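Using the sequences provided together with the hints, build the complete structure.
Top line first, the protein sequences correspond to chains P and S. Numbers 1 to 474, taken from full-length UniProt numbering, label the letters of the first sequence in order. Numbers 1 to 321, taken from full-length UniProt numbering, label the letters of the second sequence in order.
Source of the hints: derived by calculation from the structure; they are not laboratory data. Mixed in with the good hints, there may be bad ones.
Unchecked claim - Stretches of chain S that chain P covers, calculated by requiring three or more beta carbons in the stretch to come under 8 Å of a beta carbon on chain P:
id : segment
1  : 68 to 80
2  : 170 to 178
3  : 268 to 274
4  : 283 to 290
Unchecked claim - Simulated restraints, written as ranges between beta carbons of each label pair:
id : chain 1 : residue 1 : chain 2 : residue 2 : range
5  : S       : Phe-307   : P       : Glu-70    : 44 to 50 Å
6  : P       : Gly-89    : S       : Tyr-78    : 56 to 62 Å
7  : S       : Arg-94    : P       : Gly-170   : 49 to 55 Å
8  : P       : Ala-32    : S       : Val-142   : 42 to 48 Å
9  : S       : Phe-131   : P       : Lys-172   : 57 to 63 Å
10 : P       : Glu-440   : S       : Tyr-54    : 37 to 43 Å
11 : S       : Met-300   : P       : Glu-74    : 55 to 61 Å
12 : S       : Arg-94    : P       : Lys-65    : 50 to 56 Å
13 : P       : Thr-37    : S       : Pro-71    : 46 to 52 Å
14 : P       : Arg-452   : S       : Met-250   : 40 to 46 Å
15 : P       : Asp-164   : S       : Leu-97    : 49 to 55 Å
16 : S       : Gly-172   : P       : Lys-393   : 44 to 50 Å
Claimed, not checked - Taking lysine-lysine and the DSSO-like style, the derived pairs with C-alpha atoms no more than 30 Å apart in a straight line are:
id : chain 1 : residue 1 : chain 2 : residue 2
17 : P       : Lys-236   : P       : Lys-457
18 : P       : Lys-457   : S       : Lys-67
19 : P       : Lys-65    : P       : Lys-338
20 : P       : Lys-229   : S       : Lys-67
21 : P       : Lys-457   : P       : Lys-444
22 : P       : Lys-340   : S       : Lys-67
23 : S       : Lys-67    : P       : Lys-338
24 : P       : Lys-118   : P       : Lys-353
25 : P       : Lys-168   : S       : Lys-67
This one's a predicted model, so the numbers in the text were calculated from it and none came from an experiment. All C-beta atoms in this analysis are idealised placements derived from N, C-alpha and C, irrespective of residue type, glycine included.
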Amino acid sequence: MNVMKTTAALAAGLALWTLALPVQAQTEAQKALSGTTIHFLAPSMPQFAALGKFLPEFEQKYGIKVVVDEVPFENYRQKSLVEMQQGTGTYDFFAVDVMWLAEYAAAGFLEPLMPYVKNTDLTDADYDIDDFLPRVISGTGVFNDTLFTIPIGAGPVGTTFRADVAEKAGFKLPERFSPDFTTQYMFDAAKKVNNPESNMIGFANIPGRWFWGVTYLPYLYAFQTPETKGDEYVDKDWKISINNERTVASIDYFTSFKQFMPSDSANWGIGEATAVYQAGNAFGTWNYQDFVKGFFEDPETQAKVAGKNVHLHTPVGPNGVIDPWFGAWSLGLSKDSKNKEATWTFIQWLTSKDIQARATQYGAGPSRHSTYKSETLAKYQPWWPGVYEFMLKETNPDERIRVPEWAEISDIMGEEGNRVWIGEIDSKTAAANMEKRMTEAMRKGGYYIPGRDDLPKQQWRDLTYYDRLPSSWN
Amino acid sequence: MSISEHTTTAHALTFGQRGFLSRFGPSNRTIFPWVLMAPTLIILFAIGIYPFLYSLYIAGHNVILSKPYIPQHFVGLYQYQAVVQDPEFWHALRKTLLFTVQAVFIEFWLGLGLALLFQRQLQGVAFMRLFILIPMILPPLVTALVWRYMFYPGAGLMTYYVGAVTRALGLGEIPFLSDPVIAFQTLVFVDVWEWTPFMFLMLSAGLASIPRQPYEAAEIDGAGSWRVFWTITMPLLRPAILIAVIIRTMDAFRTYELIVIMTRGGPGNATTTLNVFLTKTGLEFFDASKAAALSLIMMMIIIVMSFVFIRVFRSKTEVAE
Numbered sequence: 001m002n003v004m005k006t007t008a009a010l011a012a013g014l015a016l017w018t019l020a021l022p023v024q025a026q027t028e029a030q031k032a033l034s035g036t037t038i039h040f041l042a043p044s045m046p047q048f049a050a051l052g053k054f055l056p057e058f059e060q061k062y063g064i065k066v067v068v069d070e071v072p073f074e075n076y077r078q079k080s081l082v083e084m085q086q087g088t089g090t091y092d093f094f095a096v097d098v099m100w101l102a103e104y105a106a107a108g109f110l111e112p113l114m115p116y117v118k119n120t121d122l123t124d125a126d127y128d129i130d131d132f133l134p135r136v137i138s139g140t141g142v143f144n145d146t147l148f149t150i151p152i153g154a155g156p157v158g159t160t161f162r163a164d165v166a167e168k169a170g171f172k173l174p175e176r177f178s179p180d181f182t183t184q185y186m187f188d189a190a191k192k193v194n195n196p197e198s199n200m201i202g203f204a205n206i207p208g209r210w211f212w213g214v215t216y217l218p219y220l221y222a223f224q225t226p227e228t229k230g231d232e233y234v235d236k237d238w239k240i241s242i243n244n245e246r247t248v249a250s251i252d253y254f255t256s257f258k259q260f261m262p263s264d265s266a267n268w269g270i271g272e273a274t275a276v277y278q279a280g281n282a283f284g285t286w287n288y289q290d291f292v293k294g295f296f297e298d299p300e301t302q303a304k305v306a307g308k309n310v311h312l313h314t315p316v317g318p319n320g321v322i323d324p325w326f327g328a329w330s331l332g333l334s335k336d337s338k339n340k341e342a343t344w345t346f347i348q349w350l351t352s353k354d355i356q357a358r359a360t361q362y363g364a365g366p367s368r369h370s371t372y373k374s375e376t377l378a379k380y381q382p383w384w385p386g387v388y389e390f391m392l393k394e395t396n397p398d399e400r401i402r403v404p405e406w407a408e409i410s411d412i413m414g415e416e417g418n419r420v421w422i423g424e425i426d427s428k429t430a431a432a433n434m435e436k437r438m439t440e441a442m443r444k445g446g447y448y449i450p451g452r453d454d455l456p457k458q459q460w461r462d463l464t465y466y467d468r469l470p471s472s473w474n
Numbered sequence: 001m002s003i004s005e006h007t008t009t010a011h012a013l014t015f016g017q018r019g020f021l022s023r024f025g026p027s028n029r030t031i032f033p034w035v036l037m038a039p040t041l042i043i044l045f046a047i048g049i050y051p052f053l054y055s056l057y058i059a060g061h062n063v064i065l066s067k068p069y070i071p072q073h074f075v076g077l078y079q080y081q082a083v084v085q086d087p088e089f090w091h092a093l094r095k096t097l098l099f100t101v102q103a104v105f106i107e108f109w110l111g112l113g114l115a116l117l118f119q120r121q122l123q124g125v126a127f128m129r130l131f132i133l134i135p136m137i138l139p140p141l142v143t144a145l146v147w148r149y150m151f152y153p154g155a156g157l158m159t160y161y162v163g164a165v166t167r168a169l170g171l172g173e174i175p176f177l178s179d180p181v182i183a184f185q186t187l188v189f190v191d192v193w194e195w196t197p198f199m200f201l202m203l204s205a206g207l208a209s210i211p212r213q214p215y216e217a218a219e220i221d222g223a224g225s226w227r228v229f230w231t232i233t234m235p236l237l238r239p240a241i242l243i244a245v246i247i248r249t250m251d252a253f254r255t256y257e258l259i260v261i262m263t264r265g266g267p268g269n270a271t272t273t274l275n276v277f278l279t280k281t282g283l284e285f286f287d288a289s290k291a292a293a294l295s296l297i298m299m300m301i302i303i304v305m306s307f308v309f310i311r312v313f314r315s316k317t318e319v320a321e
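Take a look at the structure:
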């Protein structure tokens, strides 16, 4: 009897909850798209897995079938660029990493989205593009003043530590964004806790050659001075400016964590470092805010660490500078798509207030004001709200210079940096090599053509550019 | 037009067509062979010659696939110059040659040893032969993935068991894929594991084709086994050795899956061979022109190497004969 009562109560609750959901009536134009099949190319990552849970709901509501092809992250850029370049329209839309937008958009592979946003026949009335955080949408989806992609979550890179291990060692970790969490503090804490004989390494760093463009950069920024912020890679004239004592110091700092790690760690990527942390064998590691739930806080798959973590930003450098950049994925409509309207219908539905808020229970990150303020986010990912102010006021979307040459720049940095890690060269040589090779990449990109006067504006030097209202972009 | 006129016209047409077609028929000994070869030639042109010519065209221009907005124009030999002036090219070439020489050398001697061993009628030879061939049958991608997990830090089978031994000996962990020298040798080891069976197969076939008479004559003359090996087996095996070594050299020179999956050219650039460099240039930086020039240079290197092999082996075979 009790079981029946409970079941009835649950059913009633479910019905009420369903009724309470905002119901969007379809437009005639959307109804006409029923029966269409659209194809999506995405990397295998937690945030896409979270959004994948909503596909049946969309297909049932709109009658549009979504076919998703997943590719390992390391092969994704190559696969997506080959597909885009061929221009066959095999994929109607693509996942776009924040760092690749310039490359994709400059090449004309993506469709400008603002006309679709403003098309009331295809876009739900409560879509509200201005609900997106200005710096997130401009930093993720805008190139040359034109909106090309819509974000599905954006967050800073940070660090995750075991609070219980720190407590046992007799100290308490600072709060997120605390000025006390410095590069020196992080190193000292890792050293204090490091005890490989007891299967506890001080910090699971990520020195693999292909990850430096993400995992090393917070330290490159942290070692800047307030005066050199913005000059990490290029000066105001686009000349490469990475060969300096700040870069050398940041490489030395990053590689100093080698002493805590096993001898076979030179190729460690996110997978290896995360696995060691999840197994309870590391005091701290790298995190990307969108991965926190999927990688560290799932009690079913990370029983050894879930609920015992403190999630912090990356540390403040010796000159008081903190890493301002964020990572993000967004959805871009292929210019060669033969189903543009159906694809936009899906993109706007998936990035709507309702779905974005609900997706946070599966680990998706926020990119809308409403998502940050949603009860679902607070309940399932309570570590997020503290990031809100940072994403509104501190973050700098272009701190990693978003130029089509970034993939090459990032690769050069990784190769030279990794050579320092394995002891092949020292940090000074690495910085000099980086400068030389990056200069060649920029030269090839046409930045140093004598007399050229149409070089892009370095938007990161004036952040007001990114604070424009989302609906004001082209 | 009457019916008879129609018939006459049709008759004339048919004969006219037959006459036209008969020009390409078996009676025409000049053209008919080309007719027979035409389908093959068309396919060869489509999949071999056209791409080659297109590569030449691309290498003579400045095509960056991810930057279609850069105006394309003829650049002469600039891309070839860019390749040979790139220190990464010379580094990758050194690594490629080192990898190829080491791998082929070890595979050859191991394969020859196995082939000689299996020539004896030992018990269970048929089963063992099948067993030995397994690595070669596996797709290279699968081989690379299996070994990658065998060497996975902290969890791989090799890392675990070899690590247990080295730790017991006080040597600590062996960084199979993290140390520049050891990572390179690990790749050579896996390549040897995978391709020694190929050498074994080729050399076994070569040994089987050697006639018995020279051996019988040597036995009568009282020659020792070492002398028989160097003066009879090796010279008569040369044609098989030549083919096996050329095929393996070309393959080892182009090794790709193994390196990309196990180390992706790292740590640092310790295992960046020409093919890895080529892929990075063409499919990561999408510099199609530089990649095309590089691939043509690689092709020339392989052709020259094969030519040298053939000349050296042929001259030695002629001397032996």
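Status of each hint after checking the structure:
1. 68 to 80: holds (count 3)
2. 170 to 178: holds (count 7)
3. 268 to 274: holds (count 3)
4. 283 to 290: holds (count 5)
5. S:Phe-307 / P:Glu-70: 44 to 50 Å: holds, 46 Å
6. P:Gly-89 / S:Tyr-78: 56 to 62 Å: Violated - the Cβ-Cβ distance for P:Gly-89 and S:Tyr-78, about 34 Å, lies outside 56 to 62 Å.
7. S:Arg-94 / P:Gly-170: 49 to 55 Å: holds, 52 Å
8. P:Ala-32 / S:Val-142: 42 to 48 Å: Check passed, 47 Å falls within 42 to 48 Å.
9. S:Phe-131 / P:Lys-172: 57 to 63 Å: This hint holds: roughly 60 Å between Cβ atoms.
10. P:Glu-440 / S:Tyr-54: 37 to 43 Å: Violated - the Cβ-Cβ distance for P:Glu-440 and S:Tyr-54, about 26 Å, lies outside 37 to 43 Å.
11. S:Met-300 / P:Glu-74: 55 to 61 Å: violated, 31 Å
12. S:Arg-94 / P:Lys-65: 50 to 56 Å: holds, 52 Å
13. P:Thr-37 / S:Pro-71: 46 to 52 Å: violated, 38 Å
14. P:Arg-452 / S:Met-250: 40 to 46 Å: Holds, since P:Arg-452 and S:Met-250 (Cβ atoms, about 45 Å apart) stay within the stated range.
15. P:Asp-164 / S:Leu-97: 49 to 55 Å: Between P:Asp-164 and S:Leu-97, where Cβ atoms are some 53 Å apart, the hint holds.
16. S:Gly-172 / P:Lys-393: 44 to 50 Å: With a Cβ separation near 48 Å, S:Gly-172 and P:Lys-393 satisfy 44 to 50 Å, so the hint holds.
17. P:Lys-236 / P:Lys-457: The hint holds at about 9 Å.
18. P:Lys-457 / S:Lys-67: holds, 19 Å
19. P:Lys-65 / P:Lys-338: holds, 14 Å
20. P:Lys-229 / S:Lys-67: With Cα atoms ~29 Å apart, P:Lys-229 and S:Lys-67 stay inside 30 Å; holds.
21. P:Lys-457 / P:Lys-444: holds, 19 Å
22. P:Lys-340 / S:Lys-67: holds, 23 Å
23. S:Lys-67 / P:Lys-338: Holds, at roughly 23 Å.
24. P:Lys-118 / P:Lys-353: holds, 17 Å
25. P:Lys-168 / S:Lys-67: Since the Cα atoms of P:Lys-168 and S:Lys-67 sit roughly 55 Å apart, the hinted pair is violated (cutoff 30 Å).
Of the hints listed earlier, those the structure fails to meet are numbers 6, 10, 11, 13 and 25, in rising order.
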